[in-house]
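S.K.: One-letter residues, chain by chain:
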Amino acid sequence: MAQYMFSVHSVGEAGGPERTQDEMQQMMAKITILEEEMKSANALVFSGRLTEADTATVVRMSGGELLTTDGPFAESKEHLGGFYIIEADDLDAALVWASKTTAAVGAPIEVRPFWEMPDA
Amino acid sequence: MRGVDGSPAVDAAAIGRIFREESGRSVATLIRIFGDIDIAEDAVQDAFTVALRRWPGDGLPPNPGGWITTTARNRGIDRLRRESRGRELLDQVAALPPDDHVPGTAQELVYVEDDRLRLIFTCCNPALSTEAQVALTLRLLGGLSTEEVARAFLVAEPTMAQRLARAKRKIKAARIPYRVPEDHELPGRLRSVLAVVYLIFNAGLTSPAEPSLCLEGIRLARILSALMPDEPEVAGLLALLLLTESRRASRTAADGSLVLLGEQDRSKWDPALIEEGRAIVRACLRRNRPGPYQLQAAISGVHAEARSIEETDWVHIVALYDQLFAISPTRVVAMNRAIAVGEVQGPAAALDLVDELALDNYYSFHATRADLLARLGRDREATIAYERAAAMAPTDAERDFFRLGGRTRPRPRD
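One line per chain: the protein sequences are A and B, in this order.
Taking my numbering, the leading residue of the first sequence gets 1, the next gets one more, and so forth.
Taking my numbering, the leading residue of the second sequence gets 1, the next gets one more, and so forth.
If you're looking for bench data, these hints aren't it; they were derived computationally from the structure.
Don't take each hint at face value.
[Claimed, not checked] Calculated cross-link-like contacts (lysine to aspartate or glutamate; reagent style DMTMM-like; alpha-carbon spacing at most 20 Å):
| no. | chain 1 | residue 1 | chain 2 | residue 2 |
| --- | --- | --- | --- | --- |
| 1 | B | Lys170 | A | Glu110 |
| 2 | B | Lys170 | A | Glu87 |
| 3 | B | Lys168 | A | Asp92 |
| 4 | B | Lys168 | B | Asp183 |
| 5 | A | Lys100 | A | Glu52 |
[As the list claims (entries may be wrong)] Some chain B residues near chain A, calculated using beta-carbon distances under 8 Å:
| no. | residue |
| --- | --- |
| 6 | Ala127 |
| 7 | Ala174 |
| 8 | Arg175 |
| 9 | Pro177 |
| 10 | Pro329 |
| 11 | Val333 |
Bear in mind the structure is a predicted one, so any value in this text is a computation, not a measurement.
Here a beta-carbon is modelled for each residue, glycine too, at the ideal position from N, C-alpha and C.
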């Protein structure tokens, strides 16, 4: 078993066409069904949806001092909108979940394996 | 010359050939045993060194493939024993039933064939870039050295080594599985395997590198069709490659310039390849589960049986393109269909169809228009179209061809 992080990439939330109330409800319903399926297959480790990227704060060390800045780290139209941590046998199995996830949330999904400590 | 026990003696070149032929099988089996591509590759390389030392004196072992796998397995185990991280792996190796490594037994053969099939689907996993899929397939399954793969694709060896290393790292880190896809995933996954083999063959049409990528493509297609005898598209791909290969030598003149299908010396086409290709096409027809590769092979087969471009059964070819377009409705298929229509109904009908396609960024589109315009006597428009085709041509031979207004030689007096 291996763990994979699915990053849900929200594309251009500010500029793009807003989803209608109906569309939002349909999407939420699909996501709920998918997450139930993930849970009953023991595939879902953890998941979360994030607030808009402009609510982010970045802290970093700069010349020995702590620097705090308002706004997201990457100046980009795409931001992490949410994530899933999934347990699967292999990448093929993980990609099956990923394809269901992209269909439900209507955004591209980046699949990355978790780093594992090499056997000593 | 004979070895000490009377068996045929072998030199380094012969040993190299045998290893290239057998290494795909051995690497595949060792990946299953060790669960690691690098260990498997190193082990086969070690076995190669042993063979270079022993075979010239001892002669060829009775079953060289089995010898390589057994020797490589033992070398791999030795190597793992020396490393601390290898011990745990070794426990797993020891846990495998011993009888599946006995060379030559029926059970071992089944495992080995399954191993190569697993390896193909690992190499051609769509989670890897096409470039990486092609490189891995040639390296691991085809047994080409990293240097040979690099040379075939005109990239520096360190670049190719990096590409292979990155792909292998991803296979390991992301756990790209080493297994044959289940039935419901097979059609999609098989498509990417066939595309890789087709790409390897096509790269060979424009690259003069040795070993010939065309021959590698055919070798891989033969392996696939032996491993998946019930997949008609695998047979279709093999037939298409054989039929294309039958005319490869006639495609270029001695000076490297391009020779059109209509102008090729058909007596130079390879009759054995044509016969083999057409026999496969006939078998596909009987099976009646058509697909894009089978249909392209059928079209190629119609050309192969015609004694000249005029005697070609163009009506049959148009019908096959209709079928192909129904399955894969791409503009490139539509354009090739239009060319065939032109042979039946004349260039004006073809030009009408081609002009609808608007494939402005595709050099063949301009080349086709140029040829049709020239045949209609619209010379000025033809010249412009040839210039556009020349500017986009992928190879020098094709560029020169279009520069000369679609002729392989300058006109005597122009």
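S.K.: Was the hint right that Ala127/B lines chain A, CB cutoff 8 Å?
M.R.: With a minimum Cβ separation of about 6 Å from chain A (threshold 8 Å), the hint on Ala127/B holds.
S.K.: Double-check Pro329/B for me: the hint is only fine if its C-beta lies closer than 8 Å to a C-beta in chain A.
M.R.: At about 24 Å, which exceeds the 8 Å cut-off, the nearest Cβ of chain A leaves the hint on Pro329/B violated.
S.K.: Would the hint on Ala174/B stand, with a C-beta cut-off of 8 Å toward chain A?
M.R.: holds (5 Å)
S.K.: Take a quick look at whether Lys170/B and Glu87/A sit within 20 Å of each other, Cα to Cα.
M.R.: The hint holds at about 18 Å.
S.K.: Has the given pair, Lys168/B with Asp183/B, been kept, meaning a C-alpha gap of at most 20 Å?
M.R.: violated (26 Å)
S.K.: Holds or violated: Lys100/A and Glu52/A, Cα atoms, limit 20 Å.
M.R.: violated (23 Å)
S.K.: Hold the hint about Val333/B up to the distance rule: shortest CB distance to chain A must be less than 8 Å.
M.R.: violated (28 Å)
S.K.: Holds or violated: the hint that Pro177/B contacts chain A, with Cβ atoms closer than 8 Å.
M.R.: holds (4 Å)
S.K.: Keeping to a limit of 20 Å between CA atoms, is the pair of Lys168/B and Asp92/A held or broken?
M.R.: holds (16 Å)
S.K.: Was the hint right that Arg175/B lines chain A, CB cutoff 8 Å?
M.R.: holds (4 Å)
S.K.: Need the status of pair Lys170/B, Glu110/A: alpha-carbon distance at most 20 Å?
M.R.: holds (14 Å)
In this structure, the hints that do not hold are numbers 4, 5, 10, 11, in rising order.
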